[in-house]
Amino acid sequence: GAGVSQSPRYKVAKRGQDVALRCDPISGHVSLFWYQQALGQGPEFLTYFQNEAQLDKSGLPSDRFFAERPEGSVSTLKIQRTQQEDSAVYLCASSLVYNEQFFGPGTRLTVL
Amino acid sequence: AQTVTQSQPEMSVQEAETVTLSCTYDTSENNYYLFWYKQPPSRQMILVIRQEAYKQQNATENRFSVNFQKAAKSFSLKISDSQLGDTAMYFCAFMRGGADGLTFGKGTHLIIQP
Numbered sequence: 052g053a054g055v056s057q058s059p060r061y062k063v064a065k066r067g068q069d070v071a072l073r074c075d076p077i078s079g080h081v082s083l084f085w086y087q088q089a090l091g092q093g094p095e096f097l098t099y100f101q102n103e104a105q106l107d108k109s110g111l112p113s114d115r116f117f118a119e120r121p122e123g124s125v126s127t128l129k130i131q132r133t134q135q136e137d138s139a140v141y142l143c144a145s146s147l148v149y150n151e152q153f154f155g156p157g158t159r160l161t162v163l
Numbered sequence: 052a053q054t055v056t057q058s059q060p061e062m063s064v065q066e067a068e069t070v071t072l073s074c075t076y077d078t079s080e081n082n083y084y085l086f087w088y089k090q091p092p093s094r095q096m097i098l099v100i101r102q103e104a105y106k107q108q109n110a111t112e113n114r115f116s117v118n119f120q121k122a123a124k125s126f127s128l129k130i131s132d133s134q135l136g137d138t139a140m141y142f143c144a145f146m147r148g149g150a151d152g153l154t155f156g157k158g159t160h161l162i163i164q165p
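Same order as they appear, the protein sequences are chains L and E.
So for the first sequence, this note's numbering puts the first residue at 52; every next one is plus one.
So for the second sequence, this note's numbering puts the first residue at 52; every next one is plus one.
Take the hints with a grain of salt, since some may be wrong.
Said to hold, decoys possible - Now the in silico label distances, taken between C-beta atoms and shown as ranges:
#1 S63(E) - A104(L): 38 to 48 angstroms
#2 E151(L) - S125(E): 17 to 27 angstroms
#3 L163(L) - N81(E): 44 to 54 angstroms
#4 A67(E) - E136(L): 35 to 45 angstroms
#5 G149(E) - T127(L): 20 to 30 angstroms
#6 E136(L) - S63(E): 25 to 35 angstroms
Said to hold, decoys possible - 27 angstroms max Cα-Cα, derived DSSO-like pairs, lysine-lysine:
#7 K129(L) - K157(E)
#8 K129(E) - K106(E)
#9 K108(L) - K129(E)
Hints are computed from structural coordinates only; laboratory data are not their basis.
Where is the CB? At the ideal position from N, CA and C, for every residue including glycine.
This is chain L alone, in the form it adopts within the complex (with noise of 0.2 angstroms):
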């Protein structure tokens, strides 16, 4: 089957832009997760769904970012007005519970 995928892979916001980052997981998947990857970093967990259920929104950096999930299956990352620190690339993971998560290829942010 098809692994995870996330659209756009390349954006280009002005800073003070709303964003949506999109990510289809692998179905079945019952978790889901987003991080944020700055350059030369390793990546930095930014949120965690079951089904639904967002179960943990610990590191989302700031209230400019939001996360949704509304079916289980389709994700939504969301970030309002952004800035220029918000660009990195955001990577979405997929997981059966207690497995192994599976990435996508990520997003590349760039706020200008």
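Since chain L is already given, all that's left is putting chain E on it; use the hints.
Here is chain E on its own, set in the frame of chain L:
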């Protein structure tokens, strides 16, 4: 909170050599998992190998093996007979027992020279 430390920002070896990447971690948890992920240039992250903390036997996957020292909180990755396609960033990662987010190290850039 958990921390993962990779002290080697970059390593370079000749093709066919054996290379070991180091990783240490800090946690108060007793039930956890450790992973090595590979991120090739401009390509997505893939799992190389995983280790359950409750297992004493070191995990192996073909040319990849780990040296898991639980008391020392050390989790190194050994790559035998290295190949050009092994060139990538390698990340060590920690996960608490149960579904949870991963805590990653800063990564080691491994370069395999022909």
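Right, here's what the structure says about each hint:
no.: 1; hint: S63(E) - A104(L): 38 to 48 angstroms; result: 45 angstroms, holds
no.: 2; hint: E151(L) - S125(E): 17 to 27 angstroms; result: 21 angstroms, holds
no.: 3; hint: L163(L) - N81(E): 44 to 54 angstroms; result: 47 angstroms, holds
no.: 4; hint: A67(E) - E136(L): 35 to 45 angstroms; result: 43 angstroms, holds
no.: 5; hint: G149(E) - T127(L): 20 to 30 angstroms; result: 25 angstroms, holds
no.: 6; hint: E136(L) - S63(E): 25 to 35 angstroms; result: 32 angstroms, holds
no.: 7; hint: K129(L) - K157(E); result: 25 angstroms, holds
no.: 8; hint: K129(E) - K106(E); result: 18 angstroms, holds
no.: 9; hint: K108(L) - K129(E); result: 34 angstroms, violated
This entry does not satisfy hint 9, going by the numbered hints stated previously; all others are met.
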